[in-house]
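Residue numbers (my numbering), protein chains in the order written: chain A, 354 to 604; chain B, 324 to 577.
Quick caveat, the hints were computed from the structure, so don't treat them as lab data. Since no wrong hints were added, every one of them can be taken at face value.
Below, simulated EDC-like cross-link-like pairs (lysine to aspartate or glutamate); rule was C-alpha separation at most 20 Å, straight line:
{"#": "1", "chain 1": "A", "residue 1": "407", "chain 2": "B", "residue 2": "442"}
{"#": "2", "chain 1": "B", "residue 1": "341", "chain 2": "A", "residue 2": "431"}
{"#": "3", "chain 1": "B", "residue 1": "453", "chain 2": "A", "residue 2": "459"}
The chain contents come next:
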Amino acid sequence: MTEGQAGVAAIAFEQVEKGFDDRKVLDKVSFTVAQGEALCILGRSGTGKSVTLKLMIGLLMADAGKVLVTGKDMSALDEHGLVKVRRKMGYLFQSAALFDSFTVNENLCMPLHRLDPNKSPEEIKRVVEETLGEVGLAKDGNKMPSALSGGMQKRAGLARALVLQPEILLVDEPASGLDRITASEIDALLMKVKTERHTTMVIVTHDINGARKIADKFAVLDQGRLLAFGTPQELDSRNDNRLQQFIAERC
Amino acid sequence: MLKSLFDSIGQVALFGAKAIRDAWVPPFEGEYLLMQFYEIGVGSFFLVVASGLALGVVMTLHTRSTLVQFGATAEIPVFQSLAFFNEIGPLVAALLMAGRVGAGIGAQLANMRATEQIDAIETLSVDSFKLLVVTRVIACTVMLPLLTMFMDAAGIFGGFLSEHIWSHLSWTLYMQRAFDGVALADFLPPTLKTAVFGYLIAVISCFYGYNTNEGSDGVRKAATNSVVVSSLVVILADVILVKCIFFLFPDQAI
Numbered sequence: 354m355t356e357g358q359a360g361v362a363a364i365a366f367e368q369v370e371k372g373f374d375d376r377k378v379l380d381k382v383s384f385t386v387a388q389g390e391a392l393c394i395l396g397r398s399g400t401g402k403s404v405t406l407k408l409m410i411g412l413l414m415a416d417a418g419k420v421l422v423t424g425k426d427m428s429a430l431d432e433h434g435l436v437k438v439r440r441k442m443g444y445l446f447q448s449a450a451l452f453d454s455f456t457v458n459e460n461l462c463m464p465l466h467r468l469d470p471n472k473s474p475e476e477i478k479r480v481v482e483e484t485l486g487e488v489g490l491a492k493d494g495n496k497m498p499s500a501l502s503g504g505m506q507k508r509a510g511l512a513r514a515l516v517l518q519p520e521i522l523l524v525d526e527p528a529s530g531l532d533r534i535t536a537s538e539i540d541a542l543l544m545k546v547k548t549e550r551h552t553t554m555v556i557v558t559h560d561i562n563g564a565r566k567i568a569d570k571f572a573v574l575d576q577g578r579l580l581a582f583g584t585p586q587e588l589d590s591r592n593d594n595r596l597q598q599f600i601a602e603r604c
Numbered sequence: 324m325l326k327s328l329f330d331s332i333g334q335v336a337l338f339g340a341k342a343i344r345d346a347w348v349p350p351f352e353g354e355y356l357l358m359q360f361y362e363i364g365v366g367s368f369f370l371v372v373a374s375g376l377a378l379g380v381v382m383t384l385h386t387r388s389t390l391v392q393f394g395a396t397a398e399i400p401v402f403q404s405l406a407f408f409n410e411i412g413p414l415v416a417a418l419l420m421a422g423r424v425g426a427g428i429g430a431q432l433a434n435m436r437a438t439e440q441i442d443a444i445e446t447l448s449v450d451s452f453k454l455l456v457v458t459r460v461i462a463c464t465v466m467l468p469l470l471t472m473f474m475d476a477a478g479i480f481g482g483f484l485s486e487h488i489w490s491h492l493s494w495t496l497y498m499q500r501a502f503d504g505v506a507l508a509d510f511l512p513p514t515l516k517t518a519v520f521g522y523l524i525a526v527i528s529c530f531y532g533y534n535t536n537e538g539s540d541g542v543r544k545a546a547t548n549s550v551v552v553s554s555l556v557v558i559l560a561d562v563i564l565v566k567c568i569f570f571l572f573p574d575q576a577i
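Pulled out of the complex, with its shape left as it was, chain A reads as follows:
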């Protein structure tokens, strides 16, 4: 689906700049993600990929430029406005970031209880069971996060990100710390979310093989600047050695 067909872009970066102390992490970065599209952000470590995700969900604010999510300027929103925009988004953290004093079920119940107070306990239980079933953790709801393997934690984190049926899913390094088989299982889950729910996705990854399976577009960041942006086919056809280092398939 293109931006023109879908109307307002799900996410738009307009000349975004972000720095920490005296180090500029993002320098005049601009791109858009259309609704229902999957964008993979590639690049070396420390080039601002995770910062880009955090800007999208308002955990960080841009120093200059605009971050628009469903047409709303994140830096212009008050607390209430920010909550409304975040309500449309899910975020899978690199470490899964499950609440370690809660069971997996409680991790998923927490946002449902608070953001959907009209839901009955039975309804919440059903939604949690369904979502855990979707990620293959139907029997693990009563476990504590510490009792789960890395791959299972990622699945549980994904379930928590999906439990509110977000329009936009942000994923930080889904393959990080996982073996190739488990990483492909997570990729398959993301593919399923994309095709079945038509969720807009922005995925930060180093795993080019996984990215090629999921992405409609690539954004390549290098030293804080957007080196390239386009479909995998468009970028493959470019005769740019530096770019090819990032997007060439690996065995």
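Given chain A's structure and the hints, the job is docking chain B onto it.
Just chain B now, kept in the frame of chain A:
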């Protein structure tokens, strides 16, 4: 150095003021608040009671060795109760809470920050400050006066055990002597001042835990700073509050 100290005091004060303001704004996070009451109150109960009991026994042993020289051992129970109500109960309970709960809060919140759990709460459109800080501040403020009452009771009971073993003093006579001449003003203001101690311990510990950003070293620093700073602030606050109590209840100062 002085500027950075005042800077930190200002930041903690604003953090504490925000906790008070947000405590009155819904949602009230009742379920999580109950968890904190349990964790902070019930979790500290045995430590406080055991410490109170031991202190009560030791205090009586020390007092007896002095008062026996003046033939005033009959005054031991009332010395014991006044000492516990006025100072030992409130201060020791607060210092125990600073050690157990303060370190726990500092370390837990710092760990949640380091492992992005606090960010995760924010991404779920839940106010992490209300959920993690406000609930702990309310729980500490409410639970410390209750724990102080248990410490007072345990201290007086410890005193009785010691006296009973030494002089076979009966429970009825001990209690009669312990509360003879003790007014409500001896008990209520010192116990209520611990609500301020509880608030200070929670605000300082939450401040260090919530605002850390240095990974596992941040967890260590947050836990250490929570205990050291909150213990120090409790002792300083005690001096000020005792002065205030003497001002409001002049009979106490005599």
